[in-house]
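Number of protein chains: 2
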Amino acid sequence: MKIIIIGLGLIGGSIAKTLSNSEDFEILAFDSDQSSIKNALDKKSIQGSLHSLDDLVNPEYENSLVIITTPPSATNRILRSLEFLFNSSITITDTTSTKSFLKKTLQEFSFPKNFIFSHPVAGSHLSGEKNSVADLFNGKSTILSYHDLVESKHVDRVTNLWNILGSKITVLDADLHDQIFAYSSHLPHVAAYALLNTLKGLEQDDLSDFSGGGLGEFLRLASSSPEMWADIFSMNETNISIAIDDLIKSLEILKDKIGKDPNSLKTFLVELKNFKESNF
Amino acid sequence: MKIIIIGLGLIGGSIAKTLSNSEDFEILAFDSDQSSIKNALDKKSIQGSLHSLDDLVNPEYENSLVIITTPPSATNRILRSLEFLFNSSITITDTTSTKSFLKKTLQEFSFPKNFIFSHPVAGSHLSGEKNSVADLFNGKSTILSYHDLVESKHVDRVTNLWNILGSKITVLDADLHDQIFAYSSHLPHVAAYALLNTLKGLEQDDLSDFSGGGLGEFLRLASSSPEMWADIFSMNETNISIAIDDLIKSLEILKDKIGKDPNSLKTFLVELKNFKESNF
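As they're listed, the protein sequences go chains V and A.
Under full-length UniProt numbering, the first residue of the first sequence carries the number 1, and numbering increases by one thereafter.
Under full-length UniProt numbering, the first residue of the second sequence carries the number 1, and numbering increases by one thereafter.
Just so you know, not all the hints are guaranteed correct.
Output of the computed footprint for chain A on chain V, the stretches with three or more beta carbons under 8 Å from beta carbons of chain A [unchecked claim]: (1) 20–26; (2) 154–163; (3) 197–204.
Result set (DSS-like, lysine-lysine): computed pairs, CA atoms no more than 25 Å apart in a straight line [what the hints assert, rightly or not]: (4) A:104 x V:266; (5) A:266 x V:130; (6) A:257 x V:249; (7) V:168 x A:257; (8) V:257 x A:200; (9) A:113 x A:130; (10) V:168 x V:103; (11) V:273 x V:140.
The set of hints was computed from the structure by calculation and includes no laboratory data.
Predicted model only: the values in this text are computed from it and were never measured.
Using N, Cα and C, we set each Cβ at its ideal position, and we do this for glycine too.
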């Protein structure tokens with residue numbers, strides 16, 4: 001089966017590297033950055049590249065799998081440009097961490113029967129094809145979402161892909177996906193950026209001398225690509241705003257408890273630690 | 001020289017383990033938990049123990065170094081109980097991460113000439129003597145604070161201790177110490193607990209499937225001892241309250257920017273990432 005990866009960055013490059021060990025797939029890529037393509041060809045993680053997405057109309061691509069692995073807003077543009085593939089034998093999936101805005105686009109096209117949302121919950125604070133690794137998805141969670149109209153052969157193809165990549169698959173409604181990830185993934189990144197903004201405001205030299213290793217781990221969330229995160233935040237704005245308000249409420253609760261009885265504060269922190277240890 | 005460690009936990013145990021390789025020191029410990037004492041004696045990280053702190057009045061302890069390595073409020077109680085050593089030949093230091101409340105106690109005693117604040121910026125989310133390690137302080141920062149009245153021989157003794165332990169020493173005013181650490185160390189812990197409280201409120205199963213590795217690193221800050229952190233938060237309440245208010249302001253700024261132009265949001269995130277990379 002042909003697999004066409006659109007956008008050969010960390011995610012696309014890692015999919016290519018993992019699948020390149022299998023003889024079941026012919027892996028082709030499309031990326032405006034020719035150095036990523038050349039790099040992947042040199043390392044034999046892809047077997048060829050497309051000069052134009054219009055080539056996908058060619059019969060040789062029938063029953064292939066197209067994976068769009070670009071950031072959210074580019075994914076939206078590319079999805080629109082692939083209108084000529086909607087309801088064809090080709091399966092299309094994405095890998096972004098926000099879904100509702102793409103769902104609106106799909107709705108305009110009456111929900112193509114061959115599009116499935118994928119969100120591999122895997123990544124790195126490093127980005128780009130050069131940082132891609134085989135096994136990035138092994139043992140990690142991948143969330144799939146799809147409309148009732150989607151044909152089962154397309155669902156099977158995407159499910160099979162993530163199974164081969166070693167992911168643990170969960171199926172979730174696209175809107176619920178965005179609500180949950182606003183809290184579980186986007187909010188921690190917002191918190192890391194907010195903390196950096198607070199520390200920046202101090203104008204204090206040698207801050208790293210005054211912080212333990214834990215702060216560095218925390219702030220590493222803000223080392224990811226700002227382009228990607230600006231895009232994710234904007235695309236999931238409504239849910240993230242609600243999540244930020246909830247975090248502010250929790251900070252107010254903590255501030256209140258810190259000003260009161262140390263014993264009840266301790267009990268509160270113990271409960272939170274227990275919650276962490278049961279869930280993460 | 002005799003070194004007496006009061007409170008044989010992670011910090012005290014690690015000091016003992018590092019110094020036990022040197023023949024220059026006789027390391028003794030005091031702890032109500034006899035299993036920690038026994039463990040350290042078995043491993044030869046200490047050479048003996050004290051049955052009572054009152055023994056320190058004995059002439060054999062002249063010119064020794066007493067290190068209180070208990071959490072903040074216990075340190076305050078112990079410091080008061082050591083009044084009989086104030087302005088003696090014995091040097092006394094602590095290892096807590098909040099100083100202002102201890103400074104108030106010292107003020108009651110007109111600032112003893114033999115007390116120096118130490119804050120080794122090193123630790124672990126694990127606690128207790130059983131988790132102590134040699135070299136915990138090697139390459140890490142240690143902050144010293146002392147009153148103008150303190151005699152230089154005591155400063156030299158404490159400086160020498162942290163030099164031998166491999167720390168990079170910074171001298172800082174005790175109140176400024178507490179203001180800076182409210183932001184650089186205490187606030188990230190508050191943020192991790194607040195995020196946990198927000199996630200707990202979701203009542204969503206399988207949350208770990210919906211979060212990347214970054215969240216786990218972030219939340220690891222909340223794995224430390226709740227007893228210790230309830231104590232630290234309470235002891236540095238005023239500064240932490242101000243820091244929480246500043247973090248809430250930063251969250252509001254981010255929320256506002258997320259709702260506006262994605263390009264200016266991206267520029268803002270790039271600035272924060274650059275600040276992180278220059279400082280941490």
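Against the structure, test the hints numbered earlier, and report the numbers of the ones violated in rising order. 1, 2, 7 and 9
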